[in-house]
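K.L.:
One letter stands for each residue in the lines below.
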Amino acid sequence: MPADFNWAIGGEAGDGIDSTGKIFAQALSRAGRHVFTSKDFASRIRGGYTAYKVRTGVDPVQSVVDRLDVLIALTPRTIDENLDELHEGSVIVYDGERTTMQDVEIPEGMIGLDVPLKGLAEEAGGAIMRNVVALGAACAVADFPIENLDSALQKRFGGKGQAIVDNNKEAARKGKEYVEDEYDHDFDYDLETTDNDYVLLNGDEAIGMGAIAAGCRFYSGYPITPATDVMEYLTGRIEQYGGHVVQAEDELSAINMALGAARAGARSMTATSGPGIDLMAETFGLVATSETPLVICDVMRSGPSTGMPTKQEQGDLNMALYGGHGEIPRFVLAPTSVSECFWKTVEAFNLAEQYNTPVYLLSDLALAVTEQTFPPEAFDMDAVEIDRGKLVDEDTIGEWQNEKGQFRAHALTDDGISPRAAPGTTGGAHMSTGLEHDELGRRTEDTGMRVEQVDKRNRKVETARETEDWSPREFGDPDSSNLVISWGSNEGAMEEAIALLDDEGIDVRFLSVPYLFPRPDLSEDVAAAENVLVIECNANGQFADLIEHDTLTRVDRLNKYDGVRFKADELAEEIKTALSTEVKA
Amino acid sequence: MSSDVRFTDFKSDKQPTWCPGCGDFGTMNGMMKALAETGNHPDDTFIVAGIGCSGKIGTYMHSYAIHGVHGRALPVGTGVKLANPDLEVMVAGGDGDGYSIGAGHFIHAVRRNVDMSYIVMDNRIYGLTKGQASPTSREDFETSTTPEGPQQPPVNPLALALAAGGTFIAQSFSTDAQRHAALVQQAIEHDGFGFVNVFSPCVTFNDVDTYDYFRDNLVDLAETDHDPQDRDQAKEKILDASKEYMGILYQDENSVPYGEKHGLSANMSEIPSGAPDGAMDLVREFY
Ligand SMILES: Cc1ncc(C[n+]2csc(CCOP(=O)(O)OP(=O)(O)O)c2C)c(N)n1
Ligand code: SF4
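These protein sequences, in sequence, are chains R and X.
Position 452, counted from 1, in the first sequence is what our numbering calls 452; the numbers after and before it change by one each time, with no gaps.
Position 95, counted from 1, in the second sequence is what our numbering calls 680; the numbers after and before it change by one each time, with no gaps.
It should be emphasised that the hints constitute simulated quantities derived from the structure, not laboratory data.
Take the hints with a grain of salt, since some may be wrong.
[Claimed, not checked] Pairs of lysine to aspartate or glutamate, DMTMM-like flavour, derived with a Cα cap of 25 Å:
1. R:404 / R:452
2. X:820 / X:801
3. R:390 / R:468
4. R:404 / X:598
5. X:715 / R:387
6. R:576 / R:504
7. R:118 / R:197
8. X:599 / R:438
9. R:118 / R:80
10. R:390 / X:671
11. R:39 / R:85
12. R:22 / X:866
13. X:596 / R:399
14. X:846 / R:239
15. X:828 / X:724
16. R:22 / R:80
17. R:404 / R:438
18. R:22 / R:197
19. X:596 / R:446
20. R:118 / R:147
21. R:155 / X:866
22. R:155 / R:182
23. R:118 / R:166
24. X:599 / R:452
25. R:39 / R:229
26. R:576 / R:477
27. X:846 / R:250
28. X:596 / R:445
29. R:160 / R:18
30. R:390 / X:855
31. X:596 / R:166
32. X:828 / X:761
33. X:846 / X:776
34. R:160 / X:870
35. R:404 / X:594
36. R:39 / X:870
37. R:160 / X:866
38. X:715 / R:436
39. X:596 / R:394
40. R:576 / R:524
Whenever a hint applies, use it, and build me the whole structure from the sequences.
P.N.:
Here you go:
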């Protein structure tokens with residue numbers, strides 16, 4: 001019996017796939033099991049194949065794998081779509097009475113459980129609960145105590161009244177009993193529960209939560225997959241902390257509102273995805289030149305143009321590093337896991353204000369739609385520190401005024417960081433502009449001042465390089481000569497791949513880089529390794545290019561750009577192949 | 586806020602580089618006068634300027650200010666005001682800035698009704714880029730990029746504002762100092778989005794919509810029996826293409842600004858030094 005269990009429900013968009021999947025995931029999480037969820041969805045609301053997958057284990061699970069143990073198939077296509085992942089002994093739960101499922105053929109070697117989902121649901125109070133019947137059936141197959149499902153159903157339907165909750169519990173029991181009565185297989189699964197206490201959330205939610213924790217009070221955005229969840233999370237919550245969310249008319253407006261709020265002294269953020277980032281590029285330059293602290297989150301999806309809006313890609317790195325005309329100092333952070341979405345957001349706000357600079361937070365679809373379990377301490381609010389940088393007040397502003405009492409908002413300083421005065425601060429009135437300016441913020445084309453201001457803005461980056469810790473996260477065997485480097489959301493899959501490779505006697509050292517600019521200097525690490533492999537979800541190896549640029553060494557690349565994130569087992573296999581060709585060469 | 590603020594306190598020590606005679610001088614003087622009259626102080630005032638000759642206004646005035654990117658001044662002003670409702674926020678720009686590249690934001694700012702004022706210096710031409718047609722240029726107005734005239738009807742900003750649910754819609758003439766300042770003052774005092782389209786002639790590139798033209802053709806609503814609270818009357822006058830009006834075309838005295846509707850009164854710049862109290866509840870919600 002493998003340590004992890006993989007379950008999915010699939011059907012047509014509109015079939016309630018998401019909410020059913022989430023109920024199961026929550027039931028597992030509440031039973032003290034680790035959960036990692038993923039979604040296959042098409043860019044349409046009704047119709048079109050969609051699936052919600054749940055991987056669970058008593059030990060942490062942080063990736064998807066190419067294996068499905070139990071599949072609830074609401075449509076025949078669900079079986080076809082997942083054929084590669086189904087294996088000998090996989091269980092397929094379906095409703096043979098459903099018109100489209102009548103002639104369905106269960107592939108060789110797999111176990112089909114024909115359960116009258118709709119009929120049993122009707123007996124429990126309504127056909128709408130057929131997915132919950134299927135969840136009950138899954139509990140029977142997986143030997144998972146159905147009581148755990150009850151608490152998830154309570155959470156999901158509690159708001160609709162106890163009768164609805166009770167009907168759903170009844171529906172689940174009918175599904176469980178039906179399987180137990182009709183099928184006498186010993187299903188070889190045993191989802192034991194633990195006393196562990198976990199929370200289950202996705203990357204967008206973690207970013208929103210990080211923003212509130214970090215004191216963000218203003219958010220403006222324009223809906224776009226897969227960034228919308230950040231806005232949806234903040235709406236209704238940020239108000240409780242004195243903040244506000246505006247759904248702007250477009251991304252141009254969104255970033256400009258966020259800029260306005262930041263200039264008013266608030267911690268402020270906008271989030272979008274590729275096409276929206278393109279629209280924000282012009283204002284991004286203004287944010288940097290006016291030295292406004294702003295967090296801009298790009299939840300990457302597959303591009304270019306409208307690309308594949310519901311598919312994974314890490315294709316915007318170059319844009320984040322270089323986007324915008326002229327030369328623009330910025331920070332680029334990329335969270336590597338759902339919990340890091342929280343912490344990197346907190347860090348982004350601090351960096352933005354410490355350096356009066358825009359900070360890109362590069363998340364991606366894989367993180368955004370992944371729900372993962374963590375002990376609550378992973379989001380320890382007591383550990384959140386807020387550093388507002390050189391924010392002056394009435395008492396300190398004098399140090400930054402010239403002899404005429406004018407505030408030097410763009411003062412030339414050794415560390416490159418100028419002071420910031422929130423409007424309303426006496427003696428701080430000043431002009432900021434996207435035009436090149438002098439220390440007072442006034443337009444200038446004076447060659448000397450131009451050079452000094454550019455140098456000053458760049459100097460912030462130098463200061464940051466020296467002051468902050470930009471180290472990568474390190475995993476695997478520190479002495480291995482096989483070095484794998486990655487950035488962003490691939491960390492979890494890679495961590496599991498390391499374990500799989502280890503089982504086969506292959507050691508690797510893995511550096512997961514959350515800082516893209518400034519970023520760690522990996523020259524020594526690369527020099528010390530025999531084989532260097534850079535993995536990323538894009539076609540051209542944008543990060544691999546950076547490593548080559550930084551280290552003046554050729555590296556090997558492993559790129560995935562089919563719209564699907566790396567899976568742990570697939571990744572292990574590919575790394576093995578890459579290393580063996582390496583060794584042969 | 587001290588009441589002894591004079592309008593010159595809103596003047597910066599930068600000399601304007603506008604062409605001598607440019608209408609923007611008068612527009613700016615009226616803005617400064619209105620800000621002082623309404624008891625504002627430069628340290629509690631935020632001016633957002635667009636891009637164009639008109640947009641340079643932020644540089645010549647003294648307050649907290651930002652000179653943004655072309656067409657996006659209104660969203661910036663919105664962010665400033667919502668983040669700190671104590672500030673007096675005034676947004677200024679040109680007809681190209683506001684009705685062409687920024688037209689989308691204009692409509693939405695009007696309907697959002699944030700409590701700020703928006704002053705558009707309408708010279709019916711692009712000044713800064715040296716004389717191309719603007720959205721308010723006449724159909725037959727010959728310019729370097731439209732030698733036969735734009736051959737499309739001009740945008741009617743007042744009509745756009747009315748259609749979008751504007752709660753304060755006024756038109757002013759920059760050189761008519763008293764009345765212009767008074768209109769801007771009323772826009773500031775209005776609870777909601779105070780929009781003033783100011784005829785602010787470009788003496789360099791527009792030889793049609795000149796001071797003389799406006800002097801001869803402007804009808805001052807104060808001298809008529811126009812009732813600004815009557816939306817039908819406002820509509821009739823706004824759609825009357827044969828005349829140019831000055832004064833308040835429409836004002837909804839029951840206007841409730843966005844911030845009030847959303848209960849926004851706090852200055853969002855003040856935050857604790859760590860996560861807010863009870864933040865662990867945010868985590869627990871995911872249990
Ligand atoms: C994105 C972008 N496009 C074009 C320009 C060039 N540009 C600067 S001002 C301007 C038009 C200004 O016209 P208007 O708003 O009427 O102001 P005026 O100069 O007449 O006061 C244009 C097109 C720019 N700065 N940014
Ligand atoms: S070009 Fe026209 S609008 Fe610009 S400063 Fe000169 S007169 Fe004024």
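K.L.:
List, from low to high, the hint numbers that the structure doesn't satisfy.
P.N.:
Of the numbered hints, 5, 7, 22, 31 do not hold.
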